[in-house]
Amino acid sequence: MKKFEYTEKKDTRSGFGDGLYELGKKNPDVVALCADLTGSLKMNAFANEFPERFIQSGIAEANMMGAAAGMTIGGKIPFAGTFAGFATGRVYDQIRQSIAYSNKNVKICASHAGITLGEDGATHQIMEDIGLMKMLPNMTVINPCDYNQTKAATKAIADYMGPVYLRFGRPAIPVFTPADQKFEIGKAVQLTEGSDLTIFATGHLVWESILACQVLEKKGISVELINIHTIKPLDKNAVLQSVAKTKAVVTAEEHMMNGGLGDSIAQLLALENPTPVEMVAVDDTFGESGTPAQLMEKYGVDSKSVVAAAERVLKRK
Amino acid sequence: MELDKLKATASQVRRDIVRMVHAQKSGHPGGALGCADYVTALYFEIMNHNPGNFTMDGKGEDLFFLSNGHVSALWYSVLARSGYFEPQELSTFRKINSRLQGHPTTAEHLPGIRIASGSLGQGLSVAAGAALAKKLNKDNSLVFSLHGDGEIQEGQIWEAAMFAAHHKIDNLISAIDYNGKQIDGPVDNVMSLGDLKKKWEAFGWNCFSMDGNNMEEIVSVMKDVKAETGKQKPLMIIMRTEMGMGVDFMMGTHAWHGKAPNDEQLAKALDQLDETLGDY
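For the protein sequence lines, the chains are P and W, in the order given. When the count follows this note's numbering, it moves up by one through the first sequence with no breaks and lands on 317 for the last residue. When the count follows this note's numbering, it moves up by one through the second sequence with no breaks and lands on 280 for the last residue.
Hints are supplied without guarantee of correctness; some may be wrong.
What the hints assert, rightly or not - BS3-like cross-link-like pairs, simulated, lysine-lysine; straight-line CA separation at most 27 Å: (1) Lys-197(W) - Lys-25(P); (2) Lys-25(P) - Lys-223(W); (3) Lys-138(W) - Lys-155(P); (4) Lys-135(W) - Lys-95(W); (5) Lys-59(W) - Lys-155(P); (6) Lys-219(P) - Lys-232(P).
In short, the hints are calculated from the structure, not lab data.
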């Protein structure tokens, strides 16, 4: 199996902040809005360097989404940032009408997504956001896996015309993708080649799946690992091609099973090529306070859960 | 445009509204009739805009956002009569495969519309954002928005009110259609608004009042309001109107908020409204 190494751990939200800052230098139409979480979203560099283009919106997310939609009229490219819970569930109708239905070029930038937000607990740990966003026509949903990929994704979505939901997180995790990668929206990234099963992972669960692959390899199991950074539109060809070969699937994500990546893959396979699927995801429950590692273990979204799911699916093959 | 012509245009717009709502037996005539004078005045006298060359960005021209999207029949009529599309298309209002959806949308690419509205309370944020983009673009044109009085019960309106004042969005002229009525009855019974002028002033807006069914007053007050743009404060007009204005049996009640006239009622309504520009 291909080796994956890393020299440092970094949070994906810093990838967003650094990507946004680079965009600010390059593109004068890029503007940023934030609902009183500038530091948490690492938007300080942009805010300090481009104060005219940084629109502090206060603790008023509904208005922030509407104002972002309005700013697209006039050619601005707004990046509206807050925690994932407040960027989706709290403002669903604003996103639905003013952004998605109106097809506005707003980039919804959602930090602290999933259970790894940690100690703040269930009020802040949204695990329904991918489902909420992928249900909306016109919406693109992206969940990159590390600092480098989040930075590349942030820059790439500025060149794409249309609403985007960009999801990233709080904890420092290994940086293992190349710094100079080209980010292609809707294009899956194959990380390992294998023949026994395919793991489709997204976000923080990509690294966990790499760890799982190392364990599975020692057990003599050959795994194809594919990073699905774009959940919508789904790279259907990549999924179907791999599954035609391996005939068994594990999906892995830091999200509810309902509405997540696993749900998208299962739908595709049910329609095109029925295949055994096991899902590593949170099963219809709210989270709680704890460290990210404790929570990932307790709620079944870590490398151990991926290994167990792989062993289960092989028995169903 | 001269006052007489503005009044005549508003009369035709009112005819269009009742005919459109009657034809599909659905729509919202009450508020549409009440705001007909103001929106007619905006498009035929007050705003600088380009009906023949609609662009989504609207750079260099004044923009209008209808936040109370349910009075769409009014907006469609005014857009058609001012040249955004052929008046004949008004006959497709609310019908299958039409660009004239029940509530305004960009999804059908109807010239003149820049955002969807219908779910209430969102248009002030959008207008404030569009106005802010104009400032960043060094574009000196203005942004107008219209809101229902019941609509301002939505919390997002007050978020936007704070936002516009905080960011000194002084190229934004908003108006509230203060007809005092909403679906469930008088606004004061459903959820009273208190002293509207004081509320908006407390939120940092420069506030005006006018009779929204008096064309002379509309034209004169709007001149004053435009003269107050560029002075660090957003502008709000508390506009008193009569729901159903122009059709006697639709006035003085909230019953015609979302109800279509039957054949007999249509004939009675059209008897009261001069056909000035030719029916579509």
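Verification of the hints:
1. Lys-197(W) - Lys-25(P): violated (43 Å)
2. Lys-25(P) - Lys-223(W): Roughly 41 Å between the alpha carbons, so the hint for Lys-25(P) and Lys-223(W) is violated.
3. Lys-138(W) - Lys-155(P): Since the Cα atoms of Lys-138(W) and Lys-155(P) sit roughly 26 Å apart, the hinted pair holds (cutoff 27 Å).
4. Lys-135(W) - Lys-95(W): violated (39 Å)
5. Lys-59(W) - Lys-155(P): holds (26 Å)
6. Lys-219(P) - Lys-232(P): It is violated: about 34 Å lies between the C-alpha atoms, which goes past 27 Å.
Hint check: violations occur at hints 1, 2, 4 and 6; the rest are consistent with the structure.
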